[in-house]
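Given the coordinates of chain A, assemble chain B onto it according to the supplied hints.
Protein chains: 2
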Amino acid sequence: MAKKNAFYAQSGGVTAVINASACGVIETARKHKDKIGKVYAGRNGIIGALTEDLIDTSKESARAIAALRHTPGGAFGSCRYKLKSLEQNRAEYERLIEVFKAHNIGYFFYNGGGDSQDTAHKVSQIGDALGYPITCIGIPKTVDNDLPITDNCPGFGSVAKYIATSTREAAFDVASMAKTSTKIFVMEVMGRHAGWIAAAAGLAKEAEGDAPHVILFPEIAFDEAKFLKRVDQSVKQHDYCVIVVSEGVRYKDGRFLSDSGTKDAFGHAQLGGVAPMLANLIKEKLGYKYHWAVADYLQRSARHIASKTDVEQAYALGEAAVKLALQGKNAVMPTIVRKSNKPFRWTIGEAKLADVANVEKKMPRNFISRNGFEITDICREYMAPLILGEDYPPYKNGLPAYVRLKNVAVAKKLKGTFKF
Amino acid sequence: MAKKNAFYAQSGGVTAVINASACGVIETARKHKDKIGKVYAGRNGIIGALTEDLIDTSKESARAIAALRHTPGGAFGSCRYKLKSLEQNRAEYERLIEVFKAHNIGYFFYNGGGDSQDTAHKVSQIGDALGYPITCIGIPKTVDNDLPITDNCPGFGSVAKYIATSTREAAFDVASMAKTSTKIFVMEVMGRHAGWIAAAAGLAKEAEGDAPHVILFPEIAFDEAKFLKRVDQSVKQHDYCVIVVSEGVRYKDGRFLSDSGTKDAFGHAQLGGVAPMLANLIKEKLGYKYHWAVADYLQRSARHIASKTDVEQAYALGEAAVKLALQGKNAVMPTIVRKSNKPFRWTIGEAKLADVANVEKKMPRNFISRNGFEITDICREYMAPLILGEDYPPYKNGLPAYVRLKNVAVAKKLKGTFKF
Numbered sequence: 229m230a231k232k233n234a235f236y237a238q239s240g241g242v243t244a245v246i247n248a249s250a251c252g253v254i255e256t257a258r259k260h261k262d263k264i265g266k267v268y269a270g271r272n273g274i275i276g277a278l279t280e281d282l283i284d285t286s287k288e289s290a291r292a293i294a295a296l297r298h299t300p301g302g303a304f305g306s307c308r309y310k311l312k313s314l315e316q317n318r319a320e321y322e323r324l325i326e327v328f329k330a331h332n333i334g335y336f337f338y339n340g341g342g343d344s345q346d347t348a349h350k351v352s353q354i355g356d357a358l359g360y361p362i363t364c365i366g367i368p369k370t371v372d373n374d375l376p377i378t379d380n381c382p383g384f385g386s387v388a389k390y391i392a393t394s395t396r397e398a399a400f401d402v403a404s405m406a407k408t409s410t411k412i413f414v415m416e417v418m419g420r421h422a423g424w425i426a427a428a429a430g431l432a433k434e435a436e437g438d439a440p441h442v443i444l445f446p447e448i449a450f451d452e453a454k455f456l457k458r459v460d461q462s463v464k465q466h467d468y469c470v471i472v473v474s475e476g477v478r479y480k481d482g483r484f485l486s487d488s489g490t491k492d493a494f495g496h497a498q499l500g501g502v503a504p505m506l507a508n509l510i511k512e513k514l515g516y517k518y519h520w521a522v523a524d525y526l527q528r529s530a531r532h533i534a535s536k537t538d539v540e541q542a543y544a545l546g547e548a549a550v551k552l553a554l555q556g557k558n559a560v561m562p563t564i565v566r567k568s569n570k571p572f573r574w575t576i577g578e579a580k581l582a583d584v585a586n587v588e589k590k591m592p593r594n595f596i597s598r599n600g601f602e603i604t605d606i607c608r609e610y611m612a613p614l615i616l617g618e619d620y621p622p623y624k625n626g627l628p629a630y631v632r633l634k635n636v637a638v639a640k641k642l643k644g645t646f647k648f
Numbered sequence: 229m230a231k232k233n234a235f236y237a238q239s240g241g242v243t244a245v246i247n248a249s250a251c252g253v254i255e256t257a258r259k260h261k262d263k264i265g266k267v268y269a270g271r272n273g274i275i276g277a278l279t280e281d282l283i284d285t286s287k288e289s290a291r292a293i294a295a296l297r298h299t300p301g302g303a304f305g306s307c308r309y310k311l312k313s314l315e316q317n318r319a320e321y322e323r324l325i326e327v328f329k330a331h332n333i334g335y336f337f338y339n340g341g342g343d344s345q346d347t348a349h350k351v352s353q354i355g356d357a358l359g360y361p362i363t364c365i366g367i368p369k370t371v372d373n374d375l376p377i378t379d380n381c382p383g384f385g386s387v388a389k390y391i392a393t394s395t396r397e398a399a400f401d402v403a404s405m406a407k408t409s410t411k412i413f414v415m416e417v418m419g420r421h422a423g424w425i426a427a428a429a430g431l432a433k434e435a436e437g438d439a440p441h442v443i444l445f446p447e448i449a450f451d452e453a454k455f456l457k458r459v460d461q462s463v464k465q466h467d468y469c470v471i472v473v474s475e476g477v478r479y480k481d482g483r484f485l486s487d488s489g490t491k492d493a494f495g496h497a498q499l500g501g502v503a504p505m506l507a508n509l510i511k512e513k514l515g516y517k518y519h520w521a522v523a524d525y526l527q528r529s530a531r532h533i534a535s536k537t538d539v540e541q542a543y544a545l546g547e548a549a550v551k552l553a554l555q556g557k558n559a560v561m562p563t564i565v566r567k568s569n570k571p572f573r574w575t576i577g578e579a580k581l582a583d584v585a586n587v588e589k590k591m592p593r594n595f596i597s598r599n600g601f602e603i604t605d606i607c608r609e610y611m612a613p614l615i616l617g618e619d620y621p622p623y624k625n626g627l628p629a630y631v632r633l634k635n636v637a638v639a640k641k642l643k644g645t646f647k648f
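Chains as they are written, first to last, in our numbering: chain A, 229 to 648; chain B, 229 to 648.
For the record, the hints were derived by calculation from the structure and aren't laboratory data.
Identical copies carry no separate label here, and so any pair may be met within one copy or between two of them.
In silico DSBU-like cross-links for lysine-lysine, where the CA-CA straight-line distance does not exceed 35 angstroms:
#1 LYS329 <-> LYS641
#2 LYS580 <-> LYS261
#3 LYS517 <-> LYS647
#4 LYS310 <-> LYS457
#5 LYS647 <-> LYS263
#6 LYS536 <-> LYS634
#7 LYS457 <-> LYS647
#8 LYS634 <-> LYS513
#9 LYS536 <-> LYS624
#10 LYS536 <-> LYS551
#11 LYS464 <-> LYS634
#12 LYS634 <-> LYS647
#13 LYS640 <-> LYS464
#14 LYS517 <-> LYS480
#15 LYS312 <-> LYS557
#16 LYS232 <-> LYS640
#17 LYS580 <-> LYS570
#18 LYS590 <-> LYS312
#19 LYS570 <-> LYS634
#20 LYS287 <-> LYS259
#21 LYS312 <-> LYS641
#22 LYS310 <-> LYS464
#23 LYS261 <-> LYS640
With the rest of the complex left out, here is chain A:
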């Protein structure tokens, strides 16, 4: 039993490139069959481990695994489930060890954001605490770009490319319509806590007057009067105004704009988007005709317009995770280290999971202009390389040909079930 199997799982919100990391893990493991046995994927993340619901990736062809590189979503299913601490829920850890033992698992690769790195970190401790040696490696992933130490997070670059492209395209549209019809376009983007994604829209602007004319960040308290004044100025100057708003924008008192007391016909609180709320505000106060869009999942699943840089980094981090494991490293996460901006060069580094877990990287205040509505050159320099390059998926019948794996279950070896 010298050769151990590996466990790989996807966690948290999925992205256009998390499967590229899976591809990197599995292809690299397959190159080291002398040291790593099979790669078992957790069906729906860590839940697959807790419930002994493992997927045997060795049943997938090389071609299917290669196609993961261009397939969005989480091919093995993801989950939103955070392990409690060892003290709070020892049974969960004992169960994990039971499953790992039963399937001879010696490597644990966990692909996710901040909460997931926390889970990976906790699992890494069971070697010492519960006497089961396991090599734990975290693999970064999050469209929120909020993991510390790594230069950026896989998933973010592709969302950034999608949002900047969509902003530019919608701006060309509304500019055409502005004379007699729509003058306002509001696009809502993800980002509950930080304005990374909203900021990416700023990349669409190349010259004075270009869209977006207003970006609303969660970092900047919403000031209605100042906002309306700027919108009105933009319309008077350019005939139209494109607004990109982060879902997490709040009033000074901390309330979300999207939660501003709207009631439906039955008097129930209406959970609306912030985009329609702002559009209605502008219509009411300034009288301009509007359109609005909410990109939601479209932005993080848009593999058809993924950033090539992002895909390459996602793959490289999966590959690096396996290499770190083979080097005997434990409780670490490979990172992106930026070497230069022009030309963009980067390499792989590593961080301790203890330093990554539960640490949220905020967007620096100097990424936002003094007026609070734009990005700065410093922000632009940081973000511009992350959207570089196109990496189109193959198409069949006019649509992207994404792979659906067979996801064959590994035969269960344990009796009983586990309630998570």
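Leaving out everything else, chain B in the frame of chain A:
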């Protein structure tokens, strides 16, 4: 003055490929300089003619004009403005003749949907009615795909490709999340009167169980109980449910779902989307966690994922318009004539503007399944060829490089202004 100039204008909602038609018109006119002088574009559609605000396209380089082929929006500005009849507003027509005479315009190319073809038709009548000979050619354009006679309308194929792609991508995302989080995804698409665009989402489905699981068409009265039952079945069977809803869906009594009495905090009617409304309904009645998106302008401006077939047809129709004019045809519109589905072959035909103006092509009832939630094979056979092929724009710095023309104004020759 034997050689006449041409007037070209864009009208109504713009698309990802209306500029490809402009490109076809201008490039073809440039090849026939012996017969056509300059191409003057109306700034903001017909308003540019009424106000003598003409753009001299001869000031644009061949390269800039070629780039129109891959640039979304309306490069010269569009408008929503319908000419009244000659009897109702003779002054407008007299003004048009005044402007056309002043600038030696003998060809009128009008690029738009049903209302716009009506305008082109009216203008074609001024030759006889007011004694000013002018050759009028309509060029079809509308994402709504509702012009008669032509097999399909440029603009629709690209929206269809965007919507089908986005549906597939979002479905991969929500399928990954369904175990512990989001089970419902609702995407709202354009289509106030007809379900052409919603139907296109059905192209994403290749096998039983694939998304979309529910399509809501404006043609089918919304039945809440039946809808909720189907959503619940989908979740029970597949773990998740992807719903694509046309903005124009109505209750049996004719009310729009998006206009269902919602009030904002101040008691004003809230103009919300139908997507959040349905998402809230599902949450309330079935308890499932949801996400929703409203594509809005993103869908019709997404040149980055345009259908190659659509781009080619848009260009060919612009080219054909000029050729028809040179053949001495008047009051006609070039059309797409489908020759075969597999392989997809089409050619250019022509229709009389009198037969096109104000006639709306409905989606055939046999395009919608008996249960009202899916498309039929007949619909699929019709739509599938329209999304074939990719036609990527060039990229610069990671973003599509779209052209912005100089749009140099032609010197005014008339005194006075015209109030439209």
